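**Student:** Residue numbers (our numbering), protein chains in the order written: chain Z, 17 to 798; chain R, -7 to 506.
Treat the hints with care, since some could be wrong.
Unchecked claim - Part of the chain R face toward chain Z, derived, beta carbon under 7 Å:
#1 -2
#2 5
#3 34
#4 35
#5 42
#6 43
#7 53
#8 57
#9 99
#10 104
#11 114
#12 116
#13 118
#14 159
#15 189
#16 193
Unchecked claim - SDA-like mimics (lysine to any residue), calculated; alpha carbons at most 20 Å apart, straight line:
#17 285(Z) / 346(R)
#18 297(Z) / 12(R)
#19 100(R) / 133(Z)
What the hints assert, rightly or not - A few chain Z residues that face chain R, going by a derived Cβ cut-off under 8 Å, partial list only:
#20 114
#21 119
#22 122
#23 133
#24 281
None of these hints come from the bench; they were simulated from the model. In this text the structure is predicted, and so the values were computed from the model without any measurement. For glycine and all other residues, C-beta sits at the position ideal for the given N, C-alpha and C.
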Amino acid sequence: MASLDDPGEVREGFLCPLCLKNLQSFYQLQSHYEEEHSGEDRDVKGQIKSLVQKAKKAKNRLLKREGDDRVESGTQGYESFSYGGVDPYMWEPQELGAVRSHLSDFKKHRAARIDHYVVEVNKLIIRLEKLTAFDRTNTESAKIRAIEKSVVPWVNDQDVPFCPDCGNKFSIRNRRHHCRLCGSIMCKKCMELISLPFANKLTSASKDSLSTHTSPSQSPNSVHGSRRGSISSVSSVSSVLDEKDDDRIRCCTHCKDTLLKREQQIDEKEHTPDIVKLYEKLRLCMEKVDQKAPEYIKMAASLNAGETTYSLEHAGDLRVEVQKVYELIDALSKKILTLGLNQDPPPHPNTLRLQKMIRYSATLFVQEKLLGLMSLPTREQFEELKKKRKQEMERKRILERQAVLESQRRLEERRSDLASHAANGEVVSLRGGPAPLRKAEGWLPLSGSQGQSEDSDPLLQQIHNITSFIRQAKAAGRTDEVRTLQENLRQLQDEYDQQQTEKAIELSRRQAEEEDLQREQLQMLCEREWEREREQFRAVSLHTRTRSLDFREIRPFQLEPGREPRTHLACALDLGFSSVQSSTAVETPSPLSALEPVSVWSGPPALGQESFPQSTVLQQNELASLNPFDEEDASSPTAEGTSSPPAAEPSFGPSARSLKEYNPFEEEEEAVAGNPFANPDSPAPNPFDEEDEHPHQRPSSPPVPGNPFEEATCTNPFEMDSDSGPEGEEPIEEELLLQQIDNIKAYIFDAKQCGRLDEVEVLTENLRELKRTLAKQKGGTD
Amino acid sequence: MNVVFAVKQYISKMIEDSGPGMKVLLMDKETTGIVSMVYTQSEILQKEVYLFERIDSQNREIMKHLKAICFLRPTKENVDYLIQELRRPKYSIYFIYFSNVISKSDVKSLAEADEQEVVAEVQEFYGDYIAVNPHLFSLNILGCCQGRNWDPVQLSRTTQGLTALLLSLKKCPMIRYQLSSEAAKRLAECVKQVITKEYELFEFRRTEVPPLLLILDRCDDAITPLLNQWTYQAMVHELLGINNNRIDLSRVPGISKDLREVVLSAENDEFYANNMYLNFAEIGSNIKNLMEDFQKKKPKEQQKLESIADMKNVKRLLQNPKVTEFDAARLVMLYALHYERHSSNSLPGLMMDLRNKGVSEKYRKLVSAVVEYGGKRVRGSDLFSPKDAVAITKQFLKGLKGVENVYTQHQPFLHETLDHLIKGKLKENLYPYLGPSTLRDRPQDIIVFIIGGATYEEALTVYNLNRTTPGVRIVLGGTTVHNTKSFLEEVLASGLHSRSKESSQVTSKPASRR
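Given these sequences and hints, build the entire structure.
**Tutor:** The structure is reproduced here in structure tokens:
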């Protein structure tokens, strides 16, 4: 919002506070100020005041405009909402709301309870230890009983007429049993038994928590441990069947329960499920991507611009590395997805849901990050780019020089113009005045070394000139002339203010439009990507594990190497003529036209040969239409005066088109775009191009009737719900498969070298699968 | 003062605090709605929250490799569920967040259930309301009053919601309420009570001008929910019904599977965000299709309505067979509200017409119920100023006509109230302060709460006020967000229709209470 309200946004840098001239550096500004304005201190206040007024005016205008917009037209309605006012979405950042913690209170209460609980458990464990300390199988029952009684005092039989758990009366048939751990009494039905291995496990765990445990699958009690619900029934049934329980310890349900809980805790401490291991690896990979990808993008952007800061090889290596991580993420998440699918009791639906969600989020992650992964130029292309960049710099220099010349020429014209204009006024005596003076004092403020681009704004020049006239007139003591000149100056300044304001409005408007456009394009890109992913998934995921994600380069269109040099040029243009842009472009011969003959650049050849017509607007329009990449930059100068929508539309057209054409082969196309004369059919030397697939191509190839490649694992979480039938499946081209196999072999080799054995494992699996697919396909097509 | 952001921040903080690793979010029915308003699934997935479970769901598996984040309302049932959960923990570690104040005794019983020491955090995070838009919140309560008085359960829920809102925005406000409404007064007192009791919580950095909480009653403006609302958001709500930013399209025949339920969220839907407040004319071409659909729905009556200039012609209109039962009833309701005191009130005649037209008993009863609900007798202020009356009438009739006319002619009464409030002109005899202290300056941060539900049209009003008055920030809330249908249900639920017979007599004779 601030940027729109403030015209200062439009012009920034080392602006002279009085004449708003843009100076290149602080020193230049200082010297400029000293030279130009040292004499007019008194005016400073007024000038600054006018600046403030200007800002206010711009703001009012914007506000008014907003109102108008809303009333007058429906189509612009929704843009108008991005101007002015305070949208609740834009309220200043707020801190986290109030919170209150009960943790210390909670812990206090828990601690009291836990102490009690822990003591209970420990007591039981200690007793259990005592009960199992001797060789039970080879000791007489009477002796065992004596030892057992010494561990814990048994409750008197007479005190307990009914079983405390089930309430049945004790009798000769329903005899009393004592819990060996707490000494209480229960009936046979309510009695539990503790096997020796189970007891050992508990006691040894508490003795030495560091000692490694047998994994639960080997432990005889694992069934009990993991299915607590069934334990009591299992053991009571077994106790009925088996009267001899010398090697087991009788206890009540309460003690057993406590011990089971304890066991579960021990198990959990020891056991990490597969999903956790895989998930941890997955997260590591994601972190790696977050770390490496930005690094790579920086390199690639620089290389694609033809810079030589980074080496191509290094970037290529990094690219391979990042891609490998993506591959790994994909493989890992797929493995998580299919975990336990073949187990006999199928996993709980929640487990499956968890796995699906992890896979989904990994897919989202890869999609999102891959979008930013641009391609590298090939070696030849890089050379080309480097050359181009050099030319670019050269051209820029020429351009600047020409701009200077141009502005000088124009200045000359204007001055004479002005002189004659002034002469037409009431003050005839001035006619002779300025010209000789100018020559004598040499105060040509704008023609000299500071012939900056900004000065080409005719209004500003006039203002300058008049100020200097005033100075001269003052020096000459002609007060009436001074008055009229000052009147002139005021008018000019007003006009300039208005112009600036319009410019500000225009700019803000354009910004909003551009934003919209970008948003649209981005959305489109996303949608496209999404669609393609889906297609890819459908067709590929069933064939191979590795291939379901497509490591194709997706580049934000601004960064395409093909357009890069041109945007540079456009920048150069912008730099040189930023103020001409919004001033009277029609009135003055455009710098662009002056440029035309020099340009070697890659626009359509017809353009380069065209002699430049005087009406620049026409020329620029033509340029815009002929050169789809330049449209934004080219249209901005012309967009002045006319409201932006028409300017935005053409710019949208081509880019939308280019998006539509977007397909996996785009990489080639784009690479070619950088070099218009290259043969588009030549295979790209970049090894990763080969991974690209052509979604449009697949449907055209004949569907295989029998679906010979059908696999049980459908890997796309979104497909699972909708159609699980592998209808979209078509054979992958053999060549692609072979390439893929080669790639994976290379990865494996690399992984082996670096000693990442887990990766090797995953990759080998992929390789195997690929080979199988290949073999099958060969069999199928024959 | 952004309520969506406030809740979102709470949720983000919870997730953040639980550290890395796979997580499950344990919620109850209400908090599920609260969370879903501020976070999308893909957004929350990126924060490693992979599962969403209800605390009351029985079919949950033991997954010790997951961390559990519990976000629950501090109700008795939830505490019980949580106690059971802690006795037999299904997840490795628990981060517990209550959406409101929880009692010390509940904390104690929870602590005693945590024998396995799985709880790592117990906090109160006051996200206890549905954040619809940045400046609009709801409590999703339909039928908050019995007659003119609060349903006690809903009063306590509303108090909780409102105090939670204040806490989440860190505001300790002065309170004003609508004098004519007993319910407003009750609520104001309850909120005040909580603030006094939990004074430690409400100790925030003092702002120059203290924030203001204004409590209103729907019965002060029964017109707005009866009129067609013409913004996109309001239209969608009127025609399709929005619940928690979700539109249920499952009743639409032949709708595809993935469109059964559409989420409308300004956070994630650019189009919606840009258009939700625009009225239909402005959206124009953007949304031709929906408009066409709408036109199909009521094409004939619009043409007929065009020629009508005066509400008196309602009679003729009612005889028009093309006007639907529902709209006819609505017309008569508006008429009744408007001409309640008029000497030549012909309401009984109109009621006869309704009967002749075959409008069902239910709707006919509603007419008197609405008058009872929002009639002059209960209104604290003049809803229809003389000039207004004609304007509203005209507007309503025009409103039915079609796309190209000016929709937002009707300003909800709330606009005037807020306008006065902002300018410091709101009368203290109609909207008194609770307690002795009053606001000397013009208010800056304002929270308006409407008992009986707000409307999207009022949300638009507040949105526009926010935009046009710099320095003033207004948040609107209601027990729910109404469309006409839900409003009539609200009226129905308040039980006023039971006295329908007397009420028609009441309206015809000039009763004066003010």
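**Student:** Any CB of chain Z closer than 7 Å to the CB of residue 43(R)?
**Tutor:** holds (6 Å)
**Student:** Tell me if residue 99(R) is really an interface residue toward chain Z, meaning its C-beta lies closer than 7 Å to one of theirs.
**Tutor:** holds (5 Å)
**Student:** Hint validation: residue 189(R) versus chain Z, beta carbon distance must be below 7 Å. Holds or violated?
**Tutor:** violated (13 Å)
**Student:** Would the hint on residue 57(R) stand, with a C-beta cut-off of 7 Å toward chain Z?
**Tutor:** Residue 57(R) check passes; min Cβ-Cβ to chain Z is 5 Å, inside 7 Å.
**Student:** Quick check on residue 133(Z) please, does its C-beta sit within 8 Å of some C-beta on chain R?
**Tutor:** Holds, about 5 Å.
**Student:** Grab the minimum C-beta distance from residue 119(Z) to chain R and call the hint holds if it beats 8 Å, violated otherwise.
**Tutor:** holds (5 Å)
**Student:** Can residue 53(R) be said to touch chain Z, with a Cβ gap under 7 Å?
**Tutor:** holds (4 Å)
**Student:** Does the interface hint hold: is residue 114(Z) within less than 8 Å of chain R, judged Cβ to Cβ?
**Tutor:** Nearest chain R Cβ about 4 Å off; hint holds.
**Student:** Would the stated hint for residue 281(Z) survive a check requiring a Cβ distance to chain R of less than 8 Å?
**Tutor:** holds (7 Å)
**Student:** Under the criterion that the straight-line Cα-Cα distance not exceed 20 Å, is the pair residue 285(Z), residue 346(R) satisfied?
**Tutor:** Violated, because 74 Å separates the two Cα atoms, which is more than 20 Å.
**Student:** Are residue 193(R) and chain Z close enough, Cβ to Cβ, to be under 7 Å, as the hint says?
**Tutor:** Where the cut-off is 7 Å and the nearest Cβ of chain Z is about 6 Å from residue 193(R), the hint holds.
**Student:** Using 8 Å as the Cβ threshold, decide whether residue 122(Z) counts as touching chain R.
**Tutor:** holds (5 Å)
Figure legend: structure checked against the earlier numbered hints; hints not met, in rising order: 4, 15, 17.
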